[in-house]
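Please build the complex by placing chain B on the supplied structure of chain A, with the hints as guidance.
Next come the chains, spelled out residue by residue.
Protein chains: 2
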Amino acid sequence: MQYTWLFGWLGETRERDVKINVICPATDIHVRKYSRQEQVIVHETPELYETVVKPYIAAFPASRTQWVENILSGVSEQNKMLYSSSDFVILPDMKWDLKTMTSLYLVALVRDRTIKSLRDLRKRHVPLLQSIQKEAYRVVQGKYGLGRGSLRMYVHYQPSYYHFHVHIVNANQAGSLGMMVGQAHLLDDVVSLLQLDPDDGPAIFERMTLTYGLGDQHGLFDSLRRAQQEVQEP
Amino acid sequence: MQYTWLFGWLGETRERDVKINVICPATDIHVRKYSRQEQVIVHETPELYETVVKPYIAAFPASRTQWVENILSGVSEQNKMLYSSSDFVILPDMKWDLKTMTSLYLVALVRDRTIKSLRDLRKRHVPLLQSIQKEAYRVVQGKYGLGRGSLRMYVHYQPSYYHFHVHIVNANQAGSLGMMVGQAHLLDDVVSLLQLDPDDGPAIFERMTLTYGLGDQHGLFDSLRRAQQEVQEP
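Here the protein sequences come in this chain order: A and B. Using our numbering, read the first sequence as starting at 1 and increasing by one per residue. Using our numbering, read the second sequence as starting at 1 and increasing by one per residue.
Chain A extracted, bound-state conformation (with noise of 0.2 Å):
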């Protein structure tokens, strides 16, 4: 699979106006991602993610996630690779062009498969992230010469796919789609929260109400939509 894109112009001495995305060959999977959807917010109470949102996840196929695995086991992109050590890796997200650096993103992945999103993170793991952002702080300066002002790290939920990993992106790159709030939370806020929540019990991730807009492509938007129309019309 390969990823590319491309700058246009609509006119001469122009700041250019748009940037072509190519994906291809595309799954059918891309392209529901990238088709245009209506929106719905969808608020998944601990309830909901335990019968609606966890046996999806589980239902994915090892497949799904093999590209991960092929990195963390170095089959693949180890020419690319930033930083690895026993507890993730760093590497160029496929769709930055390792040179622009306004467009700056780079990905870790973490090497424990037991966390499959935001909903598994618990105090225990604070470490594990802020490792992740002391090594992605000190990658970028080292290679790219950007402060640590300058790096916005965030997690999906609902993420892409179900293998945790962190997105790390030039501070300065405003606007894009996946900073949303709702489906981005910056991994500062997550690690203050883990930070602050009690030493017994539920962890916070298992009790909030976590809401987010979720497109009509999605395939968790017919089941989760159902399921709150029947609290809300009772």
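Keep in mind the hints are simulated off the structure, nothing from the lab. If a hint is listed, it holds; no wrong ones were tucked in.
Here are the in silico distance ranges between beta carbons for each label pair:
1) A:46 x B:124: 19 to 25 Å
2) B:222 x A:34: 38 to 44 Å
3) A:178 x B:100: 23 to 29 Å
4) A:112 x B:97: 45 to 51 Å
5) A:114 x B:206: 31 to 37 Å
6) B:32 x A:56: 41 to 47 Å
Glycine included, every Cβ here is placed at the ideal spot set by N, Cα and C.
For chain B alone, coordinates are given in the frame of chain A:
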């Protein structure tokens, strides 16, 4: 002061390409707010809030939010009022044209002047926040025919003005800078965190480190950046 906006097309038989916002007369604060700014990510600890941000908020003259007082006391905008109670009002945001449903934009202004920002929210405010949600759903359903899944409600931190208010927008209006993670906090997430807060001790928004991107023209930029550098480079 007048707000208005226009659409522009860069060719015939196209979807519109640009939206031009006009603010006239524009104050120096408007010019700074809309200038292209370098974004720096700041980590506002509870200590930085107490020593830097709280005094900054307290130093604003009352005249800066006189326009809010005029709305609350019935001096201005009364013909636009969509809801009013002893706790809060809801009316269209000045940036909305009152017609285009995809860019529906309302604002709720509370009457409790002691709530300056997200930092001041406590568990006792949950009924107020839920009442804002309920009335926003009711007003938008009744007047504009949009269901509750079509509304995204959030608060800004830092906000543009320190009188607590909630942004109420069409969930399909995506990619606006005001919805960026860090600056925007979903009202639903805020309510969920307050509900999960213990009944005694300091509240979650007193204890959290809040992380957000701050433009270099913001009044807090120099002092927060200096304070952070002292922490990071001892």
